[in-house]
Amino acid sequence: MAWLPFWPRDASTTAATVDAIAVSEFILIGLVLLLVFGMMFTFVIKYRQGSKADRSHLVRKTWWFEIGWTSATLLAFLVLFAFGARAYLFLYQPPKADLELYVVGKQWMWKVQYPGGQREIDSLHLPLGKTVRVLLGSEDVIHSFYIPAFRVKHDVVPGTYETFWFKPTELGSFRLECSEFCGTGHANMIGTVHVLTPADYTRWLSSQNAGQTLAQQGEALFRRYGCSGCHSARSTIHAPLLEGVYGSYVHLADGRTVFADERYIRDCILLPASQRVAGYPPVMPSFTGQIPEDGLMKLIAYVQSIGAAKETP
Amino acid sequence: MTAIASEPGSTYLTAESTIASWLLTKDHKRIALLFFASVTAFFFVGGFAAALIRLNLIEPAGTLLGPDLYNRMFTMHGIVMVWFFLIPSIPATLGNFLVPLMIGARDLAFPRLNLASWYVFNISGILALYFIIAGGNDTGWTFYAPYSTLFSNGHVIAAAVAVFVNGFSTIMTALNFVVTIHRLRAPGMTWFRLPLFIWGIYATSVVMLLATPVLAMTLLLIALEHGFGIGIFDPALGGDPLLFQHMFWFYSHPAVYIMILPAMGVASELIPCFARRPVFGYRGMAYAVMAIAIIGFFVWGHHMFTAGISLFSGIVFSFMSFVVAVPSAIKVFNWTATLHRGRISFDAPMLYALSFVGLFTIGGLTGLNLATLPIDIHVTDTYFVIAHFHYIMVGGTVSAFFGGLHYWWPKITGRLYPEMWARAAAILTFLGFNVTFFPQFILGYLGMPRRYYAYPPEFQVWNVLSSAGASILAIAYVMPLVYLGWSLLRGKQASANPWHATGLEWRTSSPPPEHNFPRTPVVTDAPYRYNPEDGSYVTQDGAANG
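These protein sequence lines are chains A and B, in that order. Taking our numbering, the leading residue of the first sequence gets 1, the next gets one more, and so forth. Taking our numbering, the leading residue of the second sequence gets 1, the next gets one more, and so forth.
Keep in mind the hints are simulated off the structure, nothing from the lab. Take these hints with a grain of salt, some might be off.
To be verified - Which stretches of chain A does chain B cover? Using the computed rule of at least three CB atoms under 8 Å from a CB of chain B, they are: (1) 29–35; (2) 46–54; (3) 73–79; (4) 94–103; (5) 156–163; (6) 168–181.
Said to hold, decoys possible - Listed next, with one range per pair, are the computed distances between beta-carbon atoms: (7) B:Ile133 - A:Gln212: 47 to 57 Å; (8) B:Arg490 - A:Leu33: 37 to 47 Å; (9) A:Gly289 - B:Leu224: 20 to 30 Å.
The C-beta atom is built at its ideal place from N, Cα and C for all residues, glycine as well.
Just need the whole structure built from these sequences, with the hints factored in.
Given below as C-alpha cells:
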C-alpha cells in the first residue's frame, strides 16, 4: 500500500493482510460518510427555512425504511466481521517457525535471546522471508510488543507467556515500541528491528560472541537448579522424564489432558502443584521467585530442545 | 399563545436568595445549577491538563513536562474528564433540570437524595483535587494492574478513593431518575409519549445502576492489593492481571454508553425542533437506545484483543461489537431522515446538534475498524483509538452538551443568549475539533502509541497540527463562558417558549416557578408534533402553537 499517502511501510505478510482489510474498510466508511453527509447537506440546503421546497406528505410509515437500513447495516457489519475473523484465525494459527525468539520485557527495555545463545537489548535482527515465532515474558508489569511496520502487537503479561509470529518481507530498519503503559520510561522502551538478507543474518549471528546455545545454557541451569536430580533416568525419585514432553499431550492427576507448550512448562516450574502429572507424587518444590525470567526462558529452550516436535498446534 | 405561567417574580431562582437556600435546596432545578457549577469547574481542570499535554507534544523530545509530569497529566485528564465531567455532564445538569419538567412532575422522586448526590460528588471532587495537588497519579484512568497495585509511585489509592466515592453520586442520581421516570409521569404521559431525551436519561441511568458497582469492587480490590498485598491481580502474589481488565472494562465499556446515550437524547430533542418536523421513527429511536444500553454490556472484551484472551473470546467480542453498532447506525439514519422535508433553521443549538451527528458518525464508523480483529491488533493503544473515542466523547457528548445548554438556556436562566456569538462558537468548535483529532487517526495508523511523552520526529507534523487545533478548540470552549455569563446579566428576557417547541418544559414560565407547574399538565399528544408546512406545532398537552 506504498502508493497511499501518509501510509506506514508494510514489511510483513501480516501487514499485507491487515492493510487489505483496513483499506477496504476505510473505502467503505468513506462511502457511508459520503452518503450520510451528502443526505444531510442536501436536506439542510433544500429544506432550509425560507426555501420554497414541497414539505407536504411527510413519510409517516417509517418502519419500512428502518427495517431496510437496519438489515442493510447488519448485513454489511456481518461481512466486515467475517473478513476480520477469518484473518484473525489465520494470524492466530502460527505456521511452522523457522526461528524462535525469546523476548523479556522489563521496565524499560526489551531483552532478546536467540536460540544460538546471542543476546541483544532493544534491538532485533531478523532474516528476510523467514517465519519468526516470539515467546514473550515480562519481569514486572504489562508491556506490549509492537512493530508498526509489521502490523503486529501482543501484550506481554507477567506471570504467563504469550506467543505470536510474523514473517518479514522487506529489508530495512523498523521501529519496535512498547504500546501498553508501563511507567516513567514507557516512551523510551523502544528499539529497532533490523531485517537482513539470510546471508547477512548468518554473518550477524556469527559476529556475536554467543558461546553456548540457549538450550545448552538451559541445560546448565537445569543442573544448577537441581532439576536433573529428579528428572533423569538415573534418579531414584519418581519424577517424569522430560524427553518428548514439550509438544505432546500430558495427562494430569486431576483427570485433565493439557498440551505441553511453553506456558505449561513454565507453570510446572513455578506452580508445580497446579498441574501435576498423573501417576507421580506431589514432591516437586515451587521455584517461584528463584529463577529470573531470562533464565526461565533458557530452561524452556532446553526442554524444547529435547521435546517431541518443534511446532505447536 | 398563552403559557401556563404563574405570577411573575416567583421563579425558582428568586423564590429565596440566601446562600443556605441554595446549599440546602431540594429543588431539582437549583441542584442542577449546583451540579453545573461543579462539572464546569472540572471541565476546565481536565482541559488544563489537556492543554499541557498538547503543548508538550509540540516537539518530539517532550521536554516541557518530561515523563513523570506528562504521565500525571494524562492520568489527571482522563480521570477528571471521564468521572468528573462526562459521566455527570448531561444527566446531572440538564437531566436534573429537565426530567421533572419534561414529564410534568413537581420534582424528582427523592429530592434529598438528589442534594446528597451533589454533596457526595463534591466530596469525591475534593479527593480528586487532593490526589492531583498531592503529586498526582501516573496509572492512566484505566488503573491497569499490576502497574497500579505494586509499581506505580503515584497517589493511586487517593485517586481510586476519589473515583470510588464519585460512583455513589452516580448511583444516587441514576436511582432517582429511574424511580422518577417510572412513578412521576403526568397523566397521559405514556412510555411512548416520553421525549427521547427522557429515554436517553432512562437508559443511561439503568446502565449506571448496573455497571457502577462493578467499578467500585474493582477499585476496592486494587486498594486491597496495593495497601495490604492481598494477591488478586498481581501474578507474583498469585493473582491474574487479566482479571483486572475484565472487571474494569465490564464497567468502563458500558460507561462509554453512559456518556453518549444522554447526548443522543439531546440531539433527538434539538433536531426535530429546528427542522420543525416530527422525529423520524420515534419508536425505533427509543428501542435503539435501550438496545445500545443492553448490548453494551456484552462487548467489553474488545478492549483486550491483544491482551492474551482466547481465540474464541476474541471472535465473540468482535461479533458483539459489530452488533452494538447497528442501533447506533439506526439513530444516525433517523436523525438524517428527520431533516427530510423539514423547515430547517440554523440557530446555535442546531449547529451543535448537526456537529454532534457528523462527529458521532465518524467516531462510530472508526469504531468498526476497531471491532475488526486484525485492524484492532495494529491500532489498539495508538492514537487511532484516542481519535476514535474523542470523536464520540468530545465531538459527540460535549457538542450535544453545549447544544442542549444553549437550547435550554432561556428556560434555565430566563434570558436569551447572543445568537451570533453562539453560532460562531459552534462553528469554531466543529473546526477546532476536527483539526485537533483528525490528524490523530493518521498518527495512530502510522503507529504512534498513546501515553508517550516523547515520540520519533517523523510524527511531529501531525502533532503540531493537532496542538494547533487544540488551541482553536480552547477558544471555542471559553467563548460560551464569556457570552453566556454576559447573557446572565444583560441578556434579553426570554418568553416561556422561545423555540416554539412541543415539550412540557416549555409550558411553564422561563425560568420556571419553584414547583414547575401551577397545576399538573395532562398529556394528550405525542412529542414532536411539528408541522414543517407552516412551522406550526402542537404541544404535548394539546395546545396548538402554545
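Now the hints, each set against the structure:
1. 29–35: It holds: at least three residues are needed, and the segment 29–35 of chain A offers 3 whose Cβ sits within less than 8 Å of chain B.
2. 46–54: The restraint on the segment 46–54 of chain A holds, since 5 of its residues have a Cβ under 8 Å from chain B and three suffice.
3. 73–79: holds (count 4)
4. 94–103: violated (count 0)
5. 156–163: holds (count 5)
6. 168–181: With 6 residues in contact (Cβ-Cβ under 8 Å with chain B), the coverage given for the segment 168–181 of chain A holds.
7. B:Ile133 - A:Gln212: 47 to 57 Å: holds, 55 Å
8. B:Arg490 - A:Leu33: 37 to 47 Å: At roughly 42 Å between Cβ atoms, A:Leu33 and B:Arg490 fall inside 37 to 47 Å, so the hint holds.
9. A:Gly289 - B:Leu224: 20 to 30 Å: holds, 21 Å
When held up to the earlier numbered hints, the structure conflicts with hint 4 and nothing else.
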